[in-house]
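Colleague: Sequence:
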Amino acid sequence: MITFRRHSPQRRKGEPRRGWLARWHLIGISMIVSQLLALEPVQATNINVYKQYAFIQLNHNFKEFYCLSDLWYKESRWNYKAKNPKSSAYGIPQLLNLKSKDPIYQIDQGLKYIKHRHQTACNALAFHNKKGWY
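Numbering follows the numbering used here, with no gaps: position 15 of the sequence shown is 278.
Mixed in with the good hints there might be a few duds.
When the alpha-carbon atoms are kept at most 25 Å apart in a straight line, the in silico SDA-like pairs for lysine to any residue are as follows [claimed, not checked]:
id, residue 1, residue 2
1, Lys-375, Ala-389
2, Lys-349, Phe-325
3, Lys-314, Gln-382
4, Lys-344, His-391
Keep in mind that the hints were calculated from the coordinates and are not lab data.
Hey, can you work out the whole structure from these sequences and the hints?
Modeller: Quick look at the structure:
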């Protein structure tokens, strides 16, 4: 019986991985991270798009974006399908009686609510840290 063994040159210490092994290595890391965050890979990608949209809507204000990101992570983990079992709160911003499944609409409504009620995302986060809701 003849067996074929694929010859691969030895990788020197500190040299980056190449070829299929490197791709599988990166895929494995991304799967572990998504499992730790309890997200599917596609959902994790979409969350980045939603965050970019929110950042643009906040006129590229880093401070306000960090506050908003922290606030909505606490509320829904940026999951546009998140439901509160104790109330009618739904979506990324966890607004009451929100029926839309469109994440962009949810972000717009959440920002509108924050501006009306708290003026800024940092004020909303400070209120949330004190009261547990905003």
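Colleague: Within a Cα-Cα threshold of 25 Å, do Lys-349 and Phe-325 meet the stated pairing?
Modeller: violated, 33 Å
Colleague: Does Lys-314 pair with Gln-382 here, judged by a C-alpha cut-off of 25 Å?
Modeller: holds, 19 Å
Colleague: Take a quick look at whether Lys-375 and Ala-389 sit within 25 Å of each other, Cα to Cα.
Modeller: holds, 17 Å
Colleague: Mind checking the alpha carbons of Lys-344 and His-391 for me, to see if they're no more than 25 Å apart?
Modeller: holds, 21 Å
Checked against the numbered hints given earlier, this structure breaks only hint 2.
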